[in-house]
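Construct the entire structure; sequences and hints are all you get.
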Amino acid sequence: MSSTNRTVVVTGIGATTPLGGDAASTWEGLIAGKSGVKPLEQEWAADQAVRIAAQIAVEPTEVIPRPQARRLDRSAQFALIAAKEAWADAGYTDKAGEDATVDPDRLGAVIASGIGGVTTLLDQYDVLKEKGVRRVSPHTVPMLMPNGPSANVGLLVGARAGVHTPVSACASGAEAIGYAIEMIRTGRADVVIAGGTEAAIHPLPIAAFGNMMAMSKNNDDPQGASRPYDTGRDGFVLGEGAGVIVLESAEHAAARGARVYAEAVGQGISADGHDIVQPEPAGRGIAHALQNLLDSTDLDPAEIVHVNAHATSTPAGDVAELKALRKVFGDDTDHMAVSATKSMTGHLLGGAGGVESVATVLALYNRVAPPTINVENLDPEAEANADIVRGEARKLPVEGRIAALNDSFGFGGHNVVLAFRTV
Amino acid sequence: MAATQEEIVAGLADIVNEIAGIPVEDVQLDKSFTDDLDVDSLSMVEVVVAAEERFDVKIPDDDVKNLKTVGDATTYILKHQA
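Protein chains in written order, with the working numbering: chain X, 1 to 423; chain Z, 424 to 505.
Among the hints, a few may not be true.
Stated by the list, open to error - Straight-line distance between alpha carbons at most 30 Å, and here's what the computed DSSO-like set of lysine-lysine pairs gives:
#1 K34(X) with K84(X)
#2 K502(Z) with K481(Z)
#3 K38(X) with K395(X)
#4 K488(Z) with K217(X)
#5 K454(Z) with K488(Z)
#6 K488(Z) with K502(Z)
#7 K131(X) with K491(Z)
#8 K491(Z) with K502(Z)
#9 K454(Z) with K491(Z)
#10 K131(X) with K502(Z)
#11 K323(X) with K395(X)
#12 K38(X) with K327(X)
#13 K454(Z) with K481(Z)
#14 K34(X) with K323(X)
#15 K481(Z) with K129(X)
#16 K488(Z) with K129(X)
#17 K488(Z) with K131(X)
Derived from the structure by calculation, the hints contain no laboratory data.
This is how it looks when you write it as structure tokens:
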């Protein structure tokens, strides 16, 4: 098939998050304004400066049989749970080939993680030091490799058009979905299962992020700790989980009569070129990504009514993003309901783009924007630049075609913006 | 105290159950690890390491390839246990 410019749609969604073990319960939690943040009660947490995290609502070992679970890193377990749900939700009954409606050679998988199998790596290093060489698990390498979740999801659905893992820290999940959209748009695949996963609630990442002064130390108020746009925000709260969607060419979806949640309009990508961890304070890199999105698609700023913001609850990042929206969209920013769902889910790092794409697609499908919780004192710089959905969910326009953005940015200066639209 | 054949089979059954999820009663002398018990090459390494620990025996990598069935492993352990 030659290079084309095909329309891409979303036909399936799946998630396992701090708010629920599937997409429906996660969405319910988001709309209800529920926080998934809890105290860390593990023994190792006692001497950490950060003792809170948004831990998974349903432990993967409750869902995945033990012999399978013990050879999968926790991040791959999350990815498989979300992928199974998304695949079934899209109406596929079996892996490609066995399900005659999808050709394995035309099916891809793109699942990303920001950090990869970090718990496997660190746990097996403990085994090496404490019990010796012979006791290191022979499954360690396939478990710790960052492409492990993608490879396992590819095997689950029988993908042979390509299995990929873009890595760009906290933009990884969004970059994976952007890559998947391109695979279909340009004709490399008809169907791609894509998303992000992360499982980094472990003493080393928490100590490291904590020492960077990147995380909230509001240990006394776990549910109030993630507070994007509030003047009292003091850093992100680490979350874990996965979000996966099934993307498909519009023709392929129509041919098999699939339910379509939304069109995946396209992506805008850029790099800050500014600092390894600090966001460019004026949001220039983000604005560049937004402009690339507009230049490469037929998206009309007038139809964008919702933004699922990156907004992690850090002092600098939250406002830079809003400045970029204002810079690119001008007065059109006024009709964009901006939601920071990390106020409820915490920050899932490489999983964020996956879970937040699920949230963005469901916001369009249900025509309602989830709230940003914990905004008691709205930062004047946020208020001046954007319309933040505070406290409670807000209805989106009930009629006409509407579009929404999902922003994700990562350490290293990676900026990824995805656009979805009702069909 | 050396383990008997019966104890070794029961021990291997526990190990295979833990690693591959196969019911203990299905782990019998004539069963092939790969063909009957869902133990692939990586999991076989785990079975061997667990058996070494449980029965206080060393099973060098070169010998592992000869352990095709539960019976092969049982005979090996009976012969080599400390």
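Hint by hint, here is what the structure shows:
1. K34(X) with K84(X): 25 Å, holds
2. K502(Z) with K481(Z): 11 Å, holds
3. K38(X) with K395(X): OK: K38(X) and K395(X) at ~29 Å, within 30 Å.
4. K488(Z) with K217(X): 53 Å, violated
5. K454(Z) with K488(Z): The hint holds at about 15 Å.
6. K488(Z) with K502(Z): 17 Å, holds
7. K131(X) with K491(Z): With a Cα-Cα distance of about 27 Å, the restraint between K131(X) and K491(Z) holds, given a limit of 30 Å.
8. K491(Z) with K502(Z): With a Cα-Cα distance of about 16 Å, the restraint between K491(Z) and K502(Z) holds, given a limit of 30 Å.
9. K454(Z) with K491(Z): Given that 30 Å is the threshold and the Cα spacing comes to 8 Å, the pair holds.
10. K131(X) with K502(Z): Holds. K131(X) to K502(Z) sits at ~26 Å (cutoff 30 Å).
11. K323(X) with K395(X): 24 Å, holds
12. K38(X) with K327(X): Violated: K38(X) and K327(X) sit about 37 Å apart, past 30 Å.
13. K454(Z) with K481(Z): 22 Å, holds
14. K34(X) with K323(X): Given that 30 Å is the threshold and the Cα spacing comes to 28 Å, the pair holds.
15. K481(Z) with K129(X): 20 Å, holds
16. K488(Z) with K129(X): 28 Å, holds
17. K488(Z) with K131(X): At roughly 24 Å apart (the allowed maximum being 30 Å), K131(X) and K488(Z) satisfy the hint.
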